[in-house]
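**Q** Residue numbers (this note's numbering), protein chains in the order written: chain A, 1 to 343; chain B, 1 to 156.
I should point out that these hints are in silico values taken from the structure, not numbers from a laboratory. Note that the coordinates shown come from a computational prediction; the quantities given were computed from them, not determined experimentally. Each hint should be verified, as a subset may be incorrect.
What the hints assert, rightly or not - The calculated EDC-like cross-link candidates involving lysine to aspartate or glutamate, where the alpha carbons are at most 20 Å apart (straight line), are: (1) A:K244 <-> B:E14; (2) A:K158 <-> B:E14; (3) B:K20 <-> A:E168; (4) A:K158 <-> B:D127; (5) B:K20 <-> A:D253; (6) B:K2 <-> A:D151; (7) A:K294 <-> B:E14; (8) A:K158 <-> A:D194.
Claimed, not checked - Negatives, chain B to chain A, calculated, CB over 12 Å: (9) L23; (10) R36; (11) S46; (12) L47; (13) T83; (14) E93; (15) E102; (16) T109; (17) T110; (18) R112; (19) Q118; (20) D124; (21) G125.
Virtual Cβ for every residue (Gly too), placed ideally from N, Cα, C.
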Amino acid sequence: MTRTSDLLTLTPAGLYCPPGDFHIDATRGVPRNLVTHAHSDHARGGHQAVVATEETLDIMELRLGAAFCRQRQIVRYGEQFALGDVRVSFHPAGHILGSAQIAIERDGSRVVVSGDFKRAADPTCTPFEVVTCDAYVTEATFGLPVFAFPDPDAELAKLLGSRALFPERTHVVGAYALGKAQRVMRMLAVAGYDRPIWYHEAIAPLAAYYARRGIDLGDIRPVADASPKTLAGEIVIATPGALKNGWAEQFPDPLIATASGWMNVRARARQVGVQLPLVISDHADWPALCATAKDVGAGELWVTHGETEALVHWATLQGIDARPLDIIGYGDEDGEPAMAVAA
Amino acid sequence: MKAFATLLDRLSFEPARNAKLRLIATYLATEPDPDRGYGLAALTGSLKFRHATPKLVRVLLRERVDPVLFNLSHEFVGDLSETVALLWPEPEERGDPPSLSEVVTTLETTSRAAFPAQLTLWLDGLDRVGTAQAHHRIVADRRLVTPRQDRARAGR
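Let's have the full structure, built from the sequences with the hints guiding it.
**A** Structure, rendered in structure tokens:
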């Protein structure tokens, strides 16, 4: 029986599997890196070989350029393959398009790295899959009991209700360029919103990629195609960075909304000047973090980043051997944590 | 109470005077009597409640939530009303949320001894927005930023 600590350790470059000789979501250049998803805090450039799902590799190329690594290996969900002395498989994490949990096995022991994940429904990506294991390496971005998220469709209904109440104002929705923006577009399309959805140019390449992958985002149009003053009553999707820079001021009496898990705490929303907080998150909330820790049946819980202390405390009370890893570098560039830093 | 709580929540995010007025006008136009009357009284600061203290709510919450998780949460959120709203456990079966007039009339007649049980019953019936606003109004007696106060502030 292999010990879980033999399968996965922590090095200055991040999580490392000695018997497989690879890193996972390395924070600096390494010979071989397995990537859970394409957010830039997990998918950095500068590695020799990168192993990931096709979508993650495509998005890394879009964001980092074609030369982001020397060698790529595409992995399909559920497909098991050998790396060194271990067997590895990728499983849906439900976080964004192409996101995966990574399972490592040897001699009947299994460690699963969640990357970032969520359990809530998302029409733009494959739903989370529970993979039982001996040690679960979990995120804890929203690892406090104050983060129990409401139904995302009810949050979207708030946006549509506000638009009906203020038909002369432009509703500008802050949403991270990769994942959240496309999810909000798709949710609007699913909700039957029949106006064009306007977007900030920074979202263009990834929206086009999602559309190429067969995800119908509705009638989406770049803001550059219109005169800003004509967009009264319309919905515009913008990056959080653009909102901080006053980009929304070009629209008629703009009403600033933001789609993020941080919006669950009203004080946070006020600090960043949001008028219409929409609690739509691509991360697991507290109930989902706790439920997942139980569902995977792991005796050990390693908490990589986020609000680690409360989750470790809770897991310990449940009889799970839990400890924080506090990996430096995760959560810095993903849209949701970045907003917390700004706040 | 739910419509009033939603109004307060929205008002607290909306800086523009005319937009605040539209929100209030929509509330007054759609809510029945006597709720909208009490709503107006609450907005103008004319309602006062006895027996309700932050200490009582802290005690009620500590009976329901792990103290370490409460402290970490309160530290993160900063505001007691919001922490209470976010941590108050979901009841197994949510009762009907009280109407604003029910809250006001009951508070006038409830004794100090009976108050904790009454407050618990209400908080069990409210969703998070309602709980936060109930706490703000009943316990914390938080002043609302109404258009009139905005004008006063602008004049300073």
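**Q** Each hint should be assessed against the structure and marked as holding or not.
**A** Quick rundown of the hints versus the structure:
{"no.": "1", "hint": "A:K244 <-> B:E14", "result": "17 Å, holds"}
{"no.": "2", "hint": "A:K158 <-> B:E14", "result": "14 Å, holds"}
{"no.": "3", "hint": "B:K20 <-> A:E168", "result": "15 Å, holds"}
{"no.": "4", "hint": "A:K158 <-> B:D127", "result": "15 Å, holds"}
{"no.": "5", "hint": "B:K20 <-> A:D253", "result": "14 Å, holds"}
{"no.": "6", "hint": "B:K2 <-> A:D151", "result": "17 Å, holds"}
{"no.": "7", "hint": "A:K294 <-> B:E14", "result": "41 Å, violated"}
{"no.": "8", "hint": "A:K158 <-> A:D194", "result": "16 Å, holds"}
{"no.": "9", "hint": "L23", "result": "8 Å, violated"}
{"no.": "10", "hint": "R36", "result": "17 Å, holds"}
{"no.": "11", "hint": "S46", "result": "25 Å, holds"}
{"no.": "12", "hint": "L47", "result": "22 Å, holds"}
{"no.": "13", "hint": "T83", "result": "7 Å, violated"}
{"no.": "14", "hint": "E93", "result": "18 Å, holds"}
{"no.": "15", "hint": "E102", "result": "25 Å, holds"}
{"no.": "16", "hint": "T109", "result": "32 Å, holds"}
{"no.": "17", "hint": "T110", "result": "28 Å, holds"}
{"no.": "18", "hint": "R112", "result": "30 Å, holds"}
{"no.": "19", "hint": "Q118", "result": "25 Å, holds"}
{"no.": "20", "hint": "D124", "result": "16 Å, holds"}
{"no.": "21", "hint": "G125", "result": "17 Å, holds"}
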